[in-house]
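**Q** Kindly produce the complete structure, drawing on both the sequences and the hints.
Protein chains in written order, with this note's numbering: chain L, 1 to 304; chain V, 1 to 304.
Hints in this document: simulated from the structure, not taken from any laboratory. Just so you know, not all the hints are guaranteed correct.
A pair counts as met if it fits within one copy or between any two copies, since identical chains are not told apart.
Once the Cα atoms are required to be at most 27 Å apart in a straight line, the calculated DSS-like pairs of lysine-lysine come out as [stated by the list, open to error]:
#1 Lys304 with Lys281
#2 Lys155 with Lys198
#3 Lys65 with Lys164
#4 Lys190 with Lys287
#5 Lys191 with Lys139
#6 Lys258 with Lys304
#7 Lys65 with Lys304
#8 Lys287 with Lys65
#9 Lys191 with Lys274
#10 Lys191 with Lys281
#11 Lys281 with Lys258
#12 Lys190 with Lys274
#13 Lys85 with Lys187
#14 Lys304 with Lys287
#15 Lys274 with Lys187
#16 Lys65 with Lys78
#17 Lys198 with Lys304
Number of protein chains: 2
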Amino acid sequence: MSLLVVGSVALDTVETPFGQVSDALGGSAVYISAAASFFTAPVRVVGVVGGDFPQDHVHFLESRKIDLDGLQVMKDGKTFRWGGKYHYDLNVRDTLFTQLNVFERFDPQIPPGYRTSGYVCLGNIDPILQRQVLNQISKPRLVVGDTMNYWIETKPNELVHTMKLMDVIIVNDSEARLLTQEPNLIKAAKKIIRMGPKVVIIKKGEHGATLVTEDTIFAAPAYPLENIFDPTGAGDSFAGGFIGWLARTDDVSPDNLKRAVIYGSTLASFCVEKFSVDGLKELSYLKIHDRFRAFMDLSRFDEK
Amino acid sequence: MSLLVVGSVALDTVETPFGQVSDALGGSAVYISAAASFFTAPVRVVGVVGGDFPQDHVHFLESRKIDLDGLQVMKDGKTFRWGGKYHYDLNVRDTLFTQLNVFERFDPQIPPGYRTSGYVCLGNIDPILQRQVLNQISKPRLVVGDTMNYWIETKPNELVHTMKLMDVIIVNDSEARLLTQEPNLIKAAKKIIRMGPKVVIIKKGEHGATLVTEDTIFAAPAYPLENIFDPTGAGDSFAGGFIGWLARTDDVSPDNLKRAVIYGSTLASFCVEKFSVDGLKELSYLKIHDRFRAFMDLSRFDEK
Chain L
1 MSLLVVGSVA LDTVETPFGQ VSDALGGSAV YISAAASFFT APVRVVGVVG GDFPQDHVHF
61 LESRKIDLDG LQVMKDGKTF RWGGKYHYDL NVRDTLFTQL NVFERFDPQI PPGYRTSGYV
121 CLGNIDPILQ RQVLNQISKP RLVVGDTMNY WIETKPNELV HTMKLMDVII VNDSEARLLT
181 QEPNLIKAAK KIIRMGPKVV IIKKGEHGAT LVTEDTIFAA PAYPLENIFD PTGAGDSFAG
241 GFIGWLARTD DVSPDNLKRA VIYGSTLASF CVEKFSVDGL KELSYLKIHD RFRAFMDLSR
301 FDEK
Chain V
1 MSLLVVGSVA LDTVETPFGQ VSDALGGSAV YISAAASFFT APVRVVGVVG GDFPQDHVHF
61 LESRKIDLDG LQVMKDGKTF RWGGKYHYDL NVRDTLFTQL NVFERFDPQI PPGYRTSGYV
121 CLGNIDPILQ RQVLNQISKP RLVVGDTMNY WIETKPNELV HTMKLMDVII VNDSEARLLT
181 QEPNLIKAAK KIIRMGPKVV IIKKGEHGAT LVTEDTIFAA PAYPLENIFD PTGAGDSFAG
241 GFIGWLARTD DVSPDNLKRA VIYGSTLASF CVEKFSVDGL KELSYLKIHD RFRAFMDLSR
301 FDEK
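**A** Printed below as a string of structure tokens:
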């Protein structure tokens, strides 16, 4: 089924103990759509870039058969840039700079052909813009939304309003705690369910992810990687793998949501093995499926 | 099979946001042996208490059929006491006081009848004392050892020496990182394997536990509890459930080690639901088995 992705398209400058890249392709819409493109088509992107956005990056997205009709190009402006540095312990990250540039004026316009998309993934952008997107489209089968500490702290009321329109919300553990003022993650997830989304996914980085619904809890491990080169985009790749699998199968049953969490974790694990989107470049559906099976071995046990 | 447990026997004063207890039964040998007693017999304890050790606590351990012949009573001394306070976020704990008392003079003497114990669990005590225990006994089928930051920092060489004698080491994530100076937990576990133990279990609190051997990685979730009253003893209950199951089945195959990790996680989950050892008081093998099955549901997924 068709998938609409709205979010940032960025040029990332990232330093980790293992190397560094400048103006590499990044942004939530990029990671989400690239990850989802291994599962379903069409994948449609709504975002904005400046006149300086490299043609190479456009080629990569096109090579993944991603529909870029909704990608606005503001020729007179510069693309959103983010710079970050990861420490030896990759759980610790400093943001070095954020240059919003054209992203500051981002006003998501959904092309007519996109308005009946079956699946919608709202990357981490202003909750007002997320709502503006939903106002322009017919009722989709599933809306998955992301957010971050910044919106929880600066626009809590807008976010709460937008959350009512999400079927699935994906947050990390600190965001779940901040949003609910509840340190226990299961209680926090249940509180979030009472705010609107029927499904809450809490990402925990190296500790995996937990899916919570009114009557199901599913704990997914992270793939045990010994070499993580760049954690940037892991969460968005997760979201892309998750919604990509759901759009492919058009099945939102509890059992299939669990599979989607594992596919999300799979895409996140490939993402962090290389810089920028490189971990998603040489991927194939076969490799993805092999790692899905490896996840099975990782957590499976039986009775005596 | 028989199980020998060596560690501290303590009186704990604990404050959490949900209540407080004074001079409650605690200590690594207590939690380990109480948890293991649901699986196997005899469970033998070597530890030390003062003349002030309440008879009620002795009765509880006896009610669990724990063999206390190895529990030294120094009538003129006071029992080891620990005081701690957990914050609203239970992951944050302050130690308020540590009174070693008789524990300072602890010199583990293994009664002759204990020297052929098939399974041995070395609670978190001075690595020199851990080695002293092993020197007094015939080669057991399996030695499981625990340690903590304090020994890693103050007696690294002694610990490294003792680790060579452990088949399984159980540490938490920060201890694994500190011991190996390696932030990646899988790499840290592999480094620990090169130091001696063939099996490494990394406990991650609310994020579960990971078992690593030369050629297996198993990720176990934590049981999703909404109400955690007192985290004290969770790690030791884990160790007790883990080695208790192995001693019961006398099977250290990879598949059975995985089951043991789940039984360990099960006992830890019951432990933290009440203060002190109360969570282990009303337990039964049936309740344990039901929760083992709940762990299966928690992490199980299948292919389409």
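**Q** Enumerate the violated hints, using their earlier numbering and listing them in ascending order.
**A** 3 and 10
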